[in-house]
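Trainee: Chains as they are written, first to last, in our numbering: chain A, 498 to 617; chain B, 498 to 617; chain C, 72 to 208; chain D, 72 to 208; chain E, 142 to 239; chain F, 142 to 239.
Rather than coming from a laboratory, the hints here were simulated on the basis of the structure.
Backbone N, C-alpha and C define an ideal beta-carbon position, used for all residues, glycine too.
Keep in mind that the hints are not guaranteed to be accurate.
[Stated by the list, open to error] Short, incomplete list of chain F residues facing chain D, as computed with Cβ under 8 Å:
(1) Met142
(2) Lys143
(3) Val157
(4) Arg160
(5) Ser162
(6) Ile237
(7) Trp238
(8) Ile239
[Said to hold, decoys possible] Once the Cα atoms are required to be at most 25 Å apart in a straight line, the calculated BS3-like pairs of lysine-lysine come out as:
(9) Lys136(C) to Lys500(B)
(10) Lys596(B) to Lys552(B)
(11) Lys197(C) to Lys165(E)
(12) Lys181(E) to Lys130(D)
(13) Lys571(A) to Lys130(D)
(14) Lys181(E) to Lys527(B)
(15) Lys161(D) to Lys192(F)
(16) Lys76(C) to Lys181(E)
(17) Lys552(A) to Lys586(B)
(18) Lys197(D) to Lys143(F)
(19) Lys559(B) to Lys156(D)
(20) Lys136(D) to Lys528(B)
(21) Lys552(A) to Lys136(C)
(22) Lys559(A) to Lys586(B)
[As the list claims (entries may be wrong)] Per label pair, the in silico range of CB-to-CB distance:
(23) Ser193(F) to Lys586(A): 49 to 59 Å
(24) Asp156(F) to Lys527(A): 52 to 62 Å
(25) Ile594(A) to Tyr107(C): 38 to 48 Å
(26) Glu194(D) to Ser223(E): 45 to 55 Å
(27) Ser201(D) to Lys527(A): 29 to 39 Å
(28) Lys76(C) to Val190(D): 47 to 57 Å
(29) Glu105(D) to Lys218(F): 35 to 45 Å
(30) Ser193(D) to Gly184(E): 20 to 30 Å
(31) Lys527(A) to Thr195(F): 16 to 26 Å
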Amino acid sequence: MGKLTMGVFPGLVGSLSLDFSVKLAEAAVKKGHTVDYWVSSNATMLSKKGQRSFKDYSTLYKTLEELFKTGNFKACACEACAEARGFHKEDLMEGWIRKSMDWYLASSFDADRVLMIGGE
Amino acid sequence: MGKLTMGVFPGLVGSLSLDFSVKLAEAAVKKGHTVDYWVSSNATMLSKKGQRSFKDYSTLYKTLEELFKTGNFKACACEACAEARGFHKEDLMEGWIRKSMDWYLASSFDADRVLMIGGE
Amino acid sequence: MATTKMGFIIKSLPYKTEASRLAMTHAIASQTVEIYLEDGDMVEPVVCFIGDGVLNCLKNQATAKHYDITSIEMHIRNSLLLDLKVLYCKEDLDRFGIKEDALIMDAEELGGETKAQIVPYSEIQKEMDSVNHLQFF
Amino acid sequence: MATTKMGFIIKSLPYKTEASRLAMTHAIASQTVEIYLEDGDMVEPVVCFIGDGVLNCLKNQATAKHYDITSIEMHIRNSLLLDLKVLYCKEDLDRFGIKEDALIMDAEELGGETKAQIVPYSEIQKEMDSVNHLQFF
Amino acid sequence: MKLGVFMSDYRTGADVVDRLSADKLGIIFVGNGIYRATLKEGGSADPILQKSATFYVLTEDLESRGFTAANLAGNIKAVTYSDVVDLIFNDYEKIIWI
Amino acid sequence: MKLGVFMSDYRTGADVVDRLSADKLGIIFVGNGIYRATLKEGGSADPILQKSATFYVLTEDLESRGFTAANLAGNIKAVTYSDVVDLIFNDYEKIIWI
Numbered sequence: 498m499g500k501l502t503m504g505v506f507p508g509l510v511g512s513l514s515l516d517f518s519v520k521l522a523e524a525a526v527k528k529g530h531t532v533d534y535w536v537s538s539n540a541t542m543l544s545k546k547g548q549r550s551f552k553d554y555s556t557l558y559k560t561l562e563e564l565f566k567t568g569n570f571k572a573c574a575c576e577a578c579a580e581a582r583g584f585h586k587e588d589l590m591e592g593w594i595r596k597s598m599d600w601y602l603a604s605s606f607d608a609d610r611v612l613m614i615g616g617e
Numbered sequence: 498m499g500k501l502t503m504g505v506f507p508g509l510v511g512s513l514s515l516d517f518s519v520k521l522a523e524a525a526v527k528k529g530h531t532v533d534y535w536v537s538s539n540a541t542m543l544s545k546k547g548q549r550s551f552k553d554y555s556t557l558y559k560t561l562e563e564l565f566k567t568g569n570f571k572a573c574a575c576e577a578c579a580e581a582r583g584f585h586k587e588d589l590m591e592g593w594i595r596k597s598m599d600w601y602l603a604s605s606f607d608a609d610r611v612l613m614i615g616g617e
Numbered sequence: 072m073a074t075t076k077m078g079f080i081i082k083s084l085p086y087k088t089e090a091s092r093l094a095m096t097h098a099i100a101s102q103t104v105e106i107y108l109e110d111g112d113m114v115e116p117v118v119c120f121i122g123d124g125v126l127n128c129l130k131n132q133a134t135a136k137h138y139d140i141t142s143i144e145m146h147i148r149n150s151l152l153l154d155l156k157v158l159y160c161k162e163d164l165d166r167f168g169i170k171e172d173a174l175i176m177d178a179e180e181l182g183g184e185t186k187a188q189i190v191p192y193s194e195i196q197k198e199m200d201s202v203n204h205l206q207f208f
Numbered sequence: 072m073a074t075t076k077m078g079f080i081i082k083s084l085p086y087k088t089e090a091s092r093l094a095m096t097h098a099i100a101s102q103t104v105e106i107y108l109e110d111g112d113m114v115e116p117v118v119c120f121i122g123d124g125v126l127n128c129l130k131n132q133a134t135a136k137h138y139d140i141t142s143i144e145m146h147i148r149n150s151l152l153l154d155l156k157v158l159y160c161k162e163d164l165d166r167f168g169i170k171e172d173a174l175i176m177d178a179e180e181l182g183g184e185t186k187a188q189i190v191p192y193s194e195i196q197k198e199m200d201s202v203n204h205l206q207f208f
Numbered sequence: 142m143k144l145g146v147f148m149s150d151y152r153t154g155a156d157v158v159d160r161l162s163a164d165k166l167g168i169i170f171v172g173n174g175i176y177r178a179t180l181k182e183g184g185s186a187d188p189i190l191q192k193s194a195t196f197y198v199l200t201e202d203l204e205s206r207g208f209t210a211a212n213l214a215g216n217i218k219a220v221t222y223s224d225v226v227d228l229i230f231n232d233y234e235k236i237i238w239i
Numbered sequence: 142m143k144l145g146v147f148m149s150d151y152r153t154g155a156d157v158v159d160r161l162s163a164d165k166l167g168i169i170f171v172g173n174g175i176y177r178a179t180l181k182e183g184g185s186a187d188p189i190l191q192k193s194a195t196f197y198v199l200t201e202d203l204e205s206r207g208f209t210a211a212n213l214a215g216n217i218k219a220v221t222y223s224d225v226v227d228l229i230f231n232d233y234e235k236i237i238w239i
């Protein structure tokens, strides 16, 4: 079993590229791999607690809740990207952590695979 | 003097297209025009209170604060787009309102000019 | 008593961004705009798909099955159900080799009577000339 | 004691999205990654600009003046100051008619000694072959 | 119609703008659209400049990307945000963003 | 190197992918990249399909856009998210998103 580090970057919320990243993480964890999941830029929105379900939007937070339960999924949001957007510590959805960008590089250090999804 | 209705749409936060829309609104209001400013999708982030200044990010909220003071600038965020992203009423920056999409169309009804900025 | 005509021109591919979805939902919002306006005033949308945008109009979009979200297809059917004018650019469909039977042409199964129209680009240009405001998504 | 080599390949234009900015800031974060790693372990980035991405490398980007944000130029200079390896694709520069004197080649005014290198695409391909992980921005 | 078009990208949108017809057409290069006004990729100017239109480029976006008005062909006018407001209200009736 | 490339767009990225060389190259069409595997614009298949590579398309994204595996040329294989995980860990060492 391997470790996949994913970086999820610009402009993704509201695009199906964000869904791709979450569904790929889900599929990898289901197969017994571990996934480190880093969000930066707009994708930090995914770490916001209190997201509501609408039929025009994917409810990715539900998949994330399930992923956190497995213990094989870690998710971290870029702290500065989040603060710039007005998301503070108390806005963080349960399970997430917030760090600087070096968290992502450190995760990549011993990852078997790294996938950075830009989205533009 | 005229009325400009602007719609600001997908994926814009973190792009200079969002800056364009705010600076254009500022320039129009300075010349005595009135501006109705509608944000939808990711651009609803602009209505979030508590945004912090970082040197890598434009501090657009400061320009918005000045614009609200003029009385010739109204800004409205798409309510469903915001709720989907976990922004609730209490997250709204002062000056903003939240409505359904018909607010934007109603504003366009008697606008002299309408500019919809997509950003992709 | 006045009517403001709004052209919603969709040139973007579906799903990567929310552009075409937002175009449809905002056009449909014209049906509830009266609450803000005087009696008899209205906003009349026309929705035109051009360029890569015609790829929004293919039938059998399985986003509900795979991603648990409404499809652009459903928004197009809803707009036809509400009698919005919906135009597809013939030249672009031809370029992609897309035939009418592959397209969302009506909302019959929802009880709608209005049909989408396949028209040459020149007709879409005329619509753009006639509206009060234009928006490209 | 191990080194993981990471290729940051920048193909996007500056400013419309944050892609190239984030590539630079994440590459620079390799300088502080040790706090998470064992003694002697490191992450070594190489930053390559190809395709439209070479337009990030032009001097005199006035974003501070006009938009009150740091420029990509400043991030490139910072990465040179920190001795990161920065490569520009010669073929793409030639295609755009961009000469060396229009490019950010060093961080001398910040006291840096490392220079950016203009190299043929084949050199960049070799870097991509040699790294452990690749990321395209 | 009198149509003002903001072209905001370098690689997309030309197919749509190319087909537009208007009695009076203005094309304003903003964002990464400014490369259409400044670059000669492979030695050739951007084909959109062949269109019968009045061309403008936003100075702020031009300078942010490392260019100046000196880099512009003679038929392209550098404008500021303030000028753009006047173009919108005085010169064009419909304005679109591509 | 063994390189897996996710192509996620229809209009951009081909210039970059075209230049890539790898001992083993896999191209996985996802998102709007699926149009490269399904459309014959102006009668011609997408030029990227000429590249010496193994081609895959993500079924979920194909079907979300109104196509099925029946629309694919013979040299393109429809795969699921689960298959993609195996491709990533078993078939390719470096993976990029374009």
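Trainee: Run every hint past the structure and note whether it holds.
Mentor: Here is what the structure says about each hint:
1. Taken as an interface hint, methionine 142(F) checks out: its beta carbon lies about 5 Å from the nearest beta carbon of chain D, inside 8 Å.
2. For lysine 143(F), the interface hint is violated, the least distance from its beta-carbon to any beta-carbon of chain D being 11 Å, above 8 Å.
3. Among the interface hints, the one on valine 157(F) holds; its C-beta lies about 5 Å from the nearest C-beta in chain D, closer than the 8 Å criterion.
4. Given the 8 Å rule on beta carbons, the hint for arginine 160(F) holds: about 6 Å separates it from the nearest Cβ of chain D.
5. Checking serine 162(F) against chain D by beta carbon gives a least distance of about 6 Å; that is within 8 Å, so the hint holds.
6. Interface restraint check: isoleucine 237(F) against chain D, minimum CB-CB distance 5 Å, threshold 8 Å, status holds.
7. This hint holds: tryptophan 238(F) has a C-beta 7 Å from the nearest C-beta of chain D, less than the 8 Å allowed.
8. At a threshold of 8 Å, the smallest CB-CB gap from isoleucine 239(F) to chain D is about 6 Å, leaving the interface hint in force.
9. Note on lysine 136(C) and lysine 500(B): the hinted pairing is violated, with a Cα-Cα distance of about 44 Å set against a maximum of 25 Å.
10. For the hint pairing lysine 596(B) with lysine 552(B), the CA-to-CA distance comes to about 32 Å; that exceeds 25 Å, so the pair is violated.
11. A hinted pair counts as satisfied when its Cα atoms are at most 25 Å apart, and lysine 197(C) with lysine 165(E) qualifies at roughly 15 Å.
12. A threshold of 25 Å between alpha carbons decides the hint, and for lysine 181(E) with lysine 130(D) the separation of about 18 Å falls inside it, so the pair holds.
13. At roughly 40 Å between alpha-carbon atoms, lysine 571(A) and lysine 130(D) are farther apart than 25 Å, so this suggested pair is violated.
14. For the proposed pair lysine 181(E) and lysine 527(B), the alpha carbon gap of about 36 Å is over 25 Å, so the pair is violated.
15. For the suggested pair lysine 161(D) and lysine 192(F), the alpha carbons sit about 23 Å apart, so the restraint of at most 25 Å is met.
16. Simply put, lysine 76(C) and lysine 181(E) have alpha-carbon atoms about 40 Å apart, too far for the 25 Å limit, and the pair is violated.
17. For the proposed pair lysine 552(A) and lysine 586(B), the alpha carbon gap of about 20 Å is at most 25 Å, so the pair holds.
18. In summary, the hint linking lysine 197(D) to lysine 143(F) is supported, as the alpha carbons are separated by about 14 Å, within the 25 Å threshold.
19. As the CA atoms of lysine 559(B) and lysine 156(D) are separated by approximately 37 Å, the hinted pair breaks the 25 Å bound.
20. As the CA atoms of lysine 136(D) and lysine 528(B) are separated by approximately 22 Å, the hinted pair is consistent with the 25 Å bound.
21. Taking the CA atoms of lysine 552(A) and lysine 136(C), the gap is near 13 Å; set against the 25 Å cutoff, the hint holds.
22. Distance check on the hinted pair: lysine 559(A) and lysine 586(B) sit about 22 Å apart at the alpha-carbon level, within 25 Å; holds.
23. The hinted range of 49 to 59 Å is satisfied by serine 193(F) and lysine 586(A), whose Cβ atoms lie roughly 50 Å apart.
24. At roughly 36 Å, the beta-carbon separation of aspartate 156(F) and lysine 527(A) lies outside the given 52 to 62 Å, and the hint is violated.
25. A beta carbon spacing of about 44 Å between isoleucine 594(A) and tyrosine 107(C) agrees with the range 38 to 48 Å that was offered as a hint.
26. At about 46 Å, the beta-carbon gap between glutamate 194(D) and serine 223(E) stays in the expected band of 45 to 55 Å.
27. Taking 29 to 39 Å as the suggested C-beta distance range, the pair serine 201(D) and lysine 527(A) conforms, at roughly 33 Å.
28. Range check, lysine 76(C) to valine 190(D): Cβ separation about 56 Å, and the 47 to 57 Å hint holds.
29. Checked against the hint of 35 to 45 Å, the C-beta distance between glutamate 105(D) and lysine 218(F) comes to roughly 43 Å, which is consistent with it.
30. Distance hint for serine 193(D) and glycine 184(E): a CB-CB separation of about 23 Å, consistent with the stated range 20 to 30 Å.
31. Separated by about 24 Å at the C-beta atoms, lysine 527(A) and threonine 195(F) satisfy the suggested range of 16 to 26 Å.
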